[in-house]
Amino acid sequence: MIPTIPQPRAIRAAYGAYVALFFIYLALPLTVVAVFAFNDSQFPSLPWEGFTWNWFFGDSDPMIGVFHDRAILGAIGTSVFVGVCVSALSVAVGTSNAFLFNRYQFRGRGVLYVLMLMPLVIPGIVLGISILVFSSTLANAAWDGLKWDIVALRPGLTLVVLGQFSFIATIATLVISARLQKFDRTLEEAAMNLGAGRLTAVRTVTLPFLAPALVGAFVVAFLMSFENFNTTLMLVGSDAPLTIAMFDRLKEGSTPLLNAVSLLLMLGSSLLALMMIAFQRRAT
Amino acid sequence: MRAQAKLGFILLLMPLLLWLTALIVIPHVDMFLISLRERVGVGEYATSTANYRTFLNEPLYLMTFARTAIMAVAATFITLLIAFPVSYYIAKMVKGRTQSALFLMCLVPFWVSELVRTFGWMILLRETGVFSSLLQWSGLVSGPVEMLYNDAAIMVGLVYTSMLFMVVPLVTTLESLDDSVIEAGYDLGGSGPSILREIIIPHATPGIVSGSIVVFMLSLGNYLTPTMLGGKDSLWFTELIYSQFIVRFNWELGAAFGFMLLILSSVIVWAMLRLTGQTLEKTMG
Chain A
1 MIPTIPQPRA IRAAYGAYVA LFFIYLALPL TVVAVFAFND SQFPSLPWEG
51 FTWNWFFGDS DPMIGVFHDR AILGAIGTSV FVGVCVSALS VAVGTSNAFL
101 FNRYQFRGRG VLYVLMLMPL VIPGIVLGIS ILVFSSTLAN AAWDGLKWDI
151 VALRPGLTLV VLGQFSFIAT IATLVISARL QKFDRTLEEA AMNLGAGRLT
201 AVRTVTLPFL APALVGAFVV AFLMSFENFN TTLMLVGSDA PLTIAMFDRL
251 KEGSTPLLNA VSLLLMLGSS LLALMMIAFQ RRAT
Chain B
1 MRAQAKLGFI LLLMPLLLWL TALIVIPHVD MFLISLRERV GVGEYATSTA
51 NYRTFLNEPL YLMTFARTAI MAVAATFITL LIAFPVSYYI AKMVKGRTQS
101 ALFLMCLVPF WVSELVRTFG WMILLRETGV FSSLLQWSGL VSGPVEMLYN
151 DAAIMVGLVY TSMLFMVVPL VTTLESLDDS VIEAGYDLGG SGPSILREII
201 IPHATPGIVS GSIVVFMLSL GNYLTPTMLG GKDSLWFTEL IYSQFIVRFN
251 WELGAAFGFM LLILSSVIVW AMLRLTGQTL EKTMG
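Keeping their order, the protein sequence lines are chains A and B. Everything in the first sequence is counted per the numbering used here, starting at 1 for the first residue and increasing by one. Everything in the second sequence is counted per the numbering used here, starting at 1 for the first residue and increasing by one.
These are computed hints drawn from the structure, not numbers from a lab. Some hints could be false.
Unchecked claim - Pairwise CB distance ranges (calculated):
#1 T31/A / R39/B: 33 to 39 Å
#2 Q4/B / L207/A: 17 to 23 Å
#3 L146/A / I10/B: 26 to 32 Å
Claimed, not checked - Under the rule of at most 20 Å between Cα atoms (straight-line distance), these lysine to any residue pairs were calculated in the SDA-like manner:
#4 K232/B / L250/A
#5 K282/B / M272/B
#6 K6/B / R103/A
#7 K182/A / Q105/A
#8 K282/B / P119/A
#9 K92/B / L104/B
Think of the CB as a built atom: it goes at the ideal place given N, C-alpha and C, for glycine as much as any other residue.
Using the sequences plus the hints, can you model the full thing?
Right, here's the structure in full:
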């Protein structure tokens with residue numbers, strides 16, 4: 001079926017209706033989450049008790065809004081901190097990997113490339129427990145051998161950052177490699193003919209060309225880190241990032257506070273994604 | 001100059017090797033070693049396959065393992081069946097602005113956390129939820145209906161959560177199929193189904209494979225959806241791993257479970273690549 005070949009109208013209409021239904025299915029859960037953030041009730045469910053902003057700005061029991069809930073605000077801060085660390089690490093390592101695979105032919109390149117893709121096909125929870133097991137082996141060895149207590153190797157933010165980095169680095173590498181492959185290397189040679197050293201040429205010619213991919217990789221890495229659950233769950237210590245904090249609340253029973261947080265998350269991530277698209281439009 | 005290139009090579013190689021060995025290879029080897037350990041006394045361990053024997057001899061563990069695998073495969077199939085017509089519509093039936101708008105609309109739900117999406121389904125499906133209220137209001141049922149906490153709810157959640165990872169690769173491969181090839185199929189007397197079978201699906205195979213691999217991995221390794229949407233009887237294998245590690249503190253058995261999950265996922269991904277003649281580099285890179 002293709003637009004240039006005529007088809008019976010009934011089939012066309014049915015196809016269109018199916019696609020419309022699909023988009024309703026996509027939108028439905030997010031819409032109800034957003035709508036019930038404004039319900040003036042203790043539970044995010046029908047009946048509708050009237051419109052309220054209290055789940056955002058309320059400051060007294062039983063309706064403490066997002067902006068007055070210390071625990072949730074702290075968790076958002078933790079998530080942002082983890083996200084920035086993971087993104088910065090991933091973009092740095094991703095850029096280095098992209099240059100390595102793009103510029104050098106060496107023995108073992110194919111094997112390393114497949115190994116580099118591996119984190120994408122390892123379940124997140126397995127990545128989490130393997131890092132947990134290994135870090136505690138190291139921590140125990142340091143304690144038994146040298147009587148050093150290395151706090152960074154116990155469940156906590158350092159491990160969360162490393163755990164998320166372990167697979168987000170692959171994605172950053174792929175995003176940056178895709179753009180580096182489109183780069184015309186003669187431009188770098190031209191810069192070197194004009195007297196630039198190799199590093200200067202890369203810094204002034206190649207990196208500006210890569211900028212949209214670097215920003216894109218950073219944003220994607222940040223969003224993935226922010227919403228990661230499985231790997232984080234196994235490595236988290238006392239400072240819970242937002243997804244874990246929300247999960248704990250949800251297990252206790254949900255109030256529309258969680259809807260309000262969710263709505264803010266939706267707005268935040270959409271804004272970030274739109275900014276990234278706008279930036280990439282301008283760059284190309 | 002030669003020495004400088006070599007230095008550059010080594011400097012670029014270091015981060016990659018450090019990342020892959022310290023965070024991927026050694027932790028997995030260590031996890032495997034721990035899974036082969038049996039506690040024989042206080043702080044005393046012996047090498048044995050006891051943990052794997054426990055896994056094989058306990059019906060609950062094996063059942064959960066098989067159930068998780070079957071449901072993850074089923075979720076992958078359902079996602080593919082739902083996503084394929086939609087992806088074809090986006091790639092071939094509409095053009096220009098409509099096309100990019102529809103594509104963007106597919107992406108939007110996935111910029112928010114999986115937790116929020118699952119939460120949305122809880123609000124819709126639970127006893128006091130939106131669907132139940134609508135049904136009562138319309139007079140179709142007389143009392144509240146509980147649609148949460150069963151396998152169907154898990155399936156709905158899994159399919160919803162992984163939809164994007166099927167749609168994106170499908171749209172990309174279908175877009176690269178030239179319209180004139182499909183027209184030629186019609187000119188040569190092909191019918192809708194035969195063109196789908198002979199032209200469109202073979203062309204879309206790389207997209208189908210990479211989408212299916214990612215969806216399968218996400219479903220198999222999912223913890224949130226089965227925990228939040230599933231009932232008491234709908235145990236998921238990741239929940240067993242979590243409870244061995246965090247609740248029971250039996251890391252040896254937990255590591256064995258983790259290793260079994262890793263083997264299961266590797267075998268199925270490998271089989272999928274093998275059956276369709278694809279490679280990991282081509283489908284993922």
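(message) Checking each numbered hint in turn, tell me which of them this model violates, lowest number first.
(response) 1
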